[in-house]
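A.B. asks: Numbering (full-length UniProt numbering), first residue to last: 1 to 145.
Calculated from the structure, these hints are not laboratory results. Be careful, since some hints might not be right.
Derived DEER-like restraints, expressed as beta-carbon distance ranges [claimed, not checked]:
1) GLN124 - ASP54: 36 to 42 Å
2) GLY121 - GLU18: 47 to 53 Å
3) GLY76 - GLU19: 19 to 25 Å
4) GLU44 - LEU116: 43 to 49 Å
5) GLY64 - GLU104: 20 to 26 Å
6) GLY56 - GLY121: 21 to 27 Å
7) GLY31 - GLU104: 23 to 29 Å
8) LEU29 - GLY69: 36 to 42 Å
9) GLU113 - ASN21: 40 to 46 Å
10) GLU113 - GLY31: 16 to 22 Å
11) ARG134 - ALA39: 25 to 31 Å
Virtual Cβ for every residue (Gly too), placed ideally from N, Cα, C.
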Amino acid sequence: MPNIYNALVVKGQDTLGEEINVTCEVQQLLGNNRVRDVAMSATEGLKRGMDVVDMGNPLSVPVGGATLGRIFDVLGEPVDNLGNNEITILVNDAEKNSDIDPQEAQQTLEIAEANLRKAEGKRQTIEANLALRRARTRVEALNTI
Numbered sequence: 001m002p003n004i005y006n007a008l009v010v011k012g013q014d015t016l017g018e019e020i021n022v023t024c025e026v027q028q029l030l031g032n033n034r035v036r037d038v039a040m041s042a043t044e045g046l047k048r049g050m051d052v053v054d055m056g057n058p059l060s061v062p063v064g065g066a067t068l069g070r071i072f073d074v075l076g077e078p079v080d081n082l083g084n085n086e087i088t089i090l091v092n093d094a095e096k097n098s099d100i101d102p103q104e105a106q107q108t109l110e111i112a113e114a115n116l117r118k119a120e121g122k123r124q125t126i127e128a129n130l131a132l133r134r135a136r137t138r139v140e141a142l143n144t145i
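Starting from the given sequences, assemble the full structure and let the hints guide the process.
C.D. replies: Given below as structure tokens:
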């Protein structure tokens, strides 16, 4: 059984013989080898008996300088016709809150807030905002225990 939030890919062919690859995110484990998930794209053509592959990780999206000003779909694929530049993938591990040290997370948040206050220029402000968002995400993950 996949973990909650893992990405699943449904693979097969529709009735016309065209390939189907639908990425889904697990939302609930129903038992008896069944899950409830949310499809990230259109589901027409899906039918019972298609292969489902657990990707073993949550959905991830690209981050970093190469993504600034770009447009991506929910799966992190560029949709702005600017090519597929080299990007870094950030995996959302927020649900693994047992790995986060509460003291370190709080200190990181305080440092990120201070860095944002003293940021000079557009680039430093953008980087400080990103660091602050990451720090807040870690603290929020701890508060959902």
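A.B. asks: All hints are to be evaluated individually against the structure, with a verdict given for each.
C.D. replies: Results of checking the hints against the structure:
1. For GLN124 and ASP54, the Cβ-Cβ distance of about 41 Å falls inside the hinted range of 36 to 42 Å, so the restraint holds.
2. Separation of GLY121 from GLU18 is about 50 Å and conforms to the stated range, judged on CB atoms against 47 to 53 Å.
3. In this structure, GLY76 and GLU19 meet the distance hint of 19 to 25 Å, their C-beta atoms being roughly 20 Å apart.
4. Distance hint for GLU44 and LEU116: a CB-CB separation of about 45 Å, consistent with the stated range 43 to 49 Å.
5. Judged by the Cβ atoms, the range 20 to 26 Å given for GLY64 and GLU104 holds: they are separated by roughly 23 Å.
6. Between GLY56 and GLY121, the C-beta spacing of about 40 Å breaks the proposed range 21 to 27 Å.
7. Under the hint 23 to 29 Å, the C-beta atoms of GLY31 and GLU104, about 37 Å apart, miss the expected range.
8. Take LEU29 and GLY69: their Cβ atoms lie about 39 Å apart, and the range 36 to 42 Å holds.
9. Here the CB-CB span from GLU113 to ASN21 is close to 42 Å, well matched to the stated 40 to 46 Å.
10. Look at GLU113 against GLY31: about 44 Å separates their beta carbons, and that is not inside 16 to 22 Å.
11. In this structure the supplied range 25 to 31 Å holds for ARG134 paired with ALA39, their Cβ-Cβ distance being about 28 Å.
In the structure shown, a violation is registered for the earlier hints numbered 6, 7 and 10, in ascending order.
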